[in-house]
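*Asks:* Residues in the sequence shown are numbered consecutively from 1, following UniProt numbering.
The reader is advised that the hints may include incorrect statements.
Claimed, not checked - Listed below are the simulated EDC-like cross-link pairs for lysine to aspartate or glutamate, each with C-alpha atoms no more than 16 Å apart in a straight line:
#, residue 1, residue 2
1, K499, D555
2, K568, E655
3, K262, E205
4, K735, D714
5, K262, E208
6, K449, E460
7, K309, E243
8, K512, D661
9, K323, E356
10, K239, E119
11, K35, D86
12, K568, E521
13, K682, D661
14, K270, E356
15, K524, E511
16, K512, D555
17, K316, E343
18, K499, E551
19, K539, E551
20, K682, D711
21, K262, D122
22, K106, D86
23, K228, E243
24, K254, D296
25, K35, E82
26, K512, E576
27, K449, D465
28, K106, D122
29, K224, E261
Claimed, not checked - Ranges between beta-carbon positions, derived for each pair:
#, residue 1, residue 2, range
30, E177, Q108, 34 to 42 Å
31, G545, R736, 20 to 28 Å
32, E177, T299, 40 to 48 Å
33, E508, D317, 16 to 24 Å
34, G545, A504, 32 to 40 Å
35, H438, N680, 52 to 60 Å
36, H438, E82, 33 to 41 Å
37, G631, E177, 31 to 39 Å
38, P292, E82, 23 to 31 Å
The set of hints was computed from the structure by calculation and includes no laboratory data.
The beta-carbon is built from N, C-alpha and C at its ideal position, and this holds for glycine as well.
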Amino acid sequence: MPTSTGQPAGRKAPVVPTPAAANAAAASFAALTAKLDYLDPADIEQVRQAYRFADEAHLGQIRASGEPYITHPIAVAARCAEWKLDAQALMAALLHDAIEDCGVTKPQLIERFGAAVAELVDGLTKLDKLQFNTREESQAESFRKMLLAMARDVRVILIKLADRTHNMRTLDDVPREKWGRTSRETLDIYAPIAHRLGLNATYRELQELAFRHLQPWRHGVLDKAVQKARSRRRDLIQKVQREVEQAFEQAGMKVRIAGREKTLYSIYRKMDEKHLSFAQVTDIYGFRVIVPSITDCYTALGVLHQMYKPVPGRFKDHIAIPKVNGYQSLHTTLVGPSGVNVEFQMRTEAMHVVAESGVAAHWLYKASHPESDNSERLGTKWLQSLLDIQHETRDAAEFWDHVKIDLFPDAVYVFTPKSQIMAMPRGATVVDFAYSIHSDVGDRTVAAKINGVQVPLRTELKNGDVIEVVTAAVSTPNPAWLGFVRTGRARSKIRHHLKTLAQAESQELGEKLLSQALRAEGIKQLPPEDGDNAALWDKLLRFTGNRTRQELLTDLGLGKRIAGIVAKRLMTLMAERGQKPDALLITRERFTAHENVSQGSVVLDGSENASVQFAACCRPIPGDPIVGYLGRGEGLVVHLDDCAVARRLQHKDAERFIGVDWSDEPVRPFEAGVLVTVQNSKGVLARVASALASVEADITHVDMDDERAQDATDLRFLIAVRDRVHLDAVMRTLKRTPSVMRAQRLRAGRSAA
């Protein structure tokens with residue numbers, strides 16, 4: 001059956017398996033049981049029961065290679081057994097195609113093998129149905145489902161990676177036209193996830209198999225080049241190994257030395273990224289030195305540095321500062337015989353298991369080394385962050401936008417003021433650091449120091465930086481932070497806060513608008529949401545299609561619904577209950593309805609954030625006559641009452657305009673556009689800026705004509721002023737300034753700065 005890749009199954013019509021095929025399947029299961037010696041007999045029997053069930057379910061199904069289909073689930077389970085996964089995971093691996101292919105239902109699996117196994121199989125089946133299309137939104141939704149399944153139970157993705165690995169190993173049996181899509185998907189999706197979870201052996205194998213099928217010619221050329229280099233340098237590598245073994249023997253250290261060769265894909269990528277020829281790639285060969293303890297790692301480093309000269313700048317201590325996915329080793333590159341660079345990696349046995357198997361090391365290592373809990377936490381921080389992001393981000397494309405940044409970490413290591421080491425992605429900023437400590441720290445960040453020096457919040461972090469974050473209780477996330485934050489966690493937290501803030505403000509505005517519209521219907525105030533009025537609100541919500549009263553009010557504030565229509569419906573429902581409108585209130589409301597500002601108008605003081613926007617076309621300021629337009633989904637947009645844009649909208653959507661008025665005490669300055677025509681002379685811009693500063697008008701933006709200098713030129717300013725009186729004072733001061741020929745406010749119909 002096609003697994004999630006939609007391919008290597010390649011089944012034909014059901015056929016009766018030949019004796020040879022049946023023997024092959026039996027032999028492959030015998031090979032699997034030979035790997036189950038770490039399980040107790042009861043668990044092995046459960047795995048055998050799952051095999052029999054799967055064998056019967058897949059009876060007659062054949063893979064593209066001509067082998068019985070059951071050989072594929074057995075191979076997937078065998079890979080999981082190499083990671084020493086538990087019996088439930090092995091059973092799920094054997095049954096992972098049973099639901100979709102063989103008509104087996106989830107309740108059947110629960111009854112036969114228990115809920116835990118059925119949940120794993122169901123999670124894998126859902127992943128198998130995912131199609132990674134080129135369409136962005138469909139692909140994003142697929143990623144979201146896969147990553148969340150992984151976050152809930154990491155065994156799902158381990159089985160999935162084992163499944164993909166076997167499919168890639170048998171890709172040669174599949175028609176060649178399917179190679180490209182499957183290999184690209186493996187390279188873009190599954191290999192990075194394997195790397196992020198520390199499954200380095202799987203990561204390298206998936207990359208290598210994908211490269212071989214994606215670019216067969218380049219893979220073949222590199223393979224020949226490496227074989228030639230290997231035969232040329234065999235004597236050299238053997239000589240290095242002999243000398244190193246002798247050195248450790250003389251030092252009285254018990255070590256295990258293993259050769260390491262760079263994969264063809266990593267050689268190709270290094271050549272491609274750094275524009276090198278094959279001859280210029282010097283770290284193709286290396287050795288891993290496995291030692292008993294952490295102290296021995298550093299002792300081994302000293303022994304090696306006494307033998308060969310180290311290459312400056314090529315020493316890395318990933319023991320003291322582990323990689324993001326839990327990897328630990330000492331790395332050093334030495335100049336060996338004949339000037340050939342050879343890399344050495346020193347690690348303990350526990351580190352080696354983690355380095356190769358990542359999160360799977362939890363199962364691999366816990367039985368024989370219960371004291372080691374490193375593997376327990378591997379990947380769990382990242383997996384938990386997926387669930388946190390999902391909780392705040394329901395939109396699939398946005399979720400993937402957050403996560404894909406974290407899938408390709410190139411870490412820098414920084415310190416808190418208390419010397420705690422933290423790993424951050426390359427390019428991360430101070431704000432990312434603040435959110436990685438705690439979301440409350442991120443939300444309240446106002447300033448920061450790096451190595452004792454005050455820096456902007458957008459400053460990128462470098463290795464070894466000591467970062468101190470300054471917070472304030474009244475501070476909130478700034479939307480501009482989204483332009484430079486690097487981590488998915490910071491991005492999702494900022495967006496979540498802004499959405500929550502916008503929702504609260506829109507809800508408050510919606511309540512004002514509905515109350516105002518209800519007054520026009522003769523009802524003084526909104527009925528409360530209590531027991532007596534629950535049925536009334538239920539009927540109204542059924543009419544509007546909203547789930548809650550809060551959602552309805554938010555929609556009104558965002559302009560998705562018109563308050564007048566909702567108010568009329570609410571009045572009808574209240575009349576059915578015998579409530580009569582106040583005739584005097586209706587008369588008074590209608591008497592003032594012709595005025596721009598009625599009794600129930602919305603009062604603005606500048607404290608509104610997301611729910612109210614001041615139109616950029618006319619830039620109203622306190623003291624200006626204004627109107628409010630409820631844009632669809634935009635919230636309330638405030639225009640000057642004589643703005644050309646507002647008039648066009650009023651002609652088309654009159655029912656969306658509401659009364660708005662300025663508060664007596666605005667809480668912040670507002671931007672106004674000013675056009676200043678000046679005589680071109682030395683220092684004229686400085687004189688105009690000085691004039692603006694003298695009347696306490698802050699310049700937020702300045703723009704000049706693009707053409708070459710003329711006798712006169714236009715300067716366009718955006719300035720922050722308190723109100724109309726302040727702006728009038730600014731204009732008088734500008735007109736008295738030397739070299740200024742004309743000063744006027746930019747309004748609708750004129751191009752703003």
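*Asks:* Which numbered hints turn out to be false for this structure?
*Replies:* 10, 13, 14, 21, 22, 23, 26, 31, 32, 33, 34 and 37
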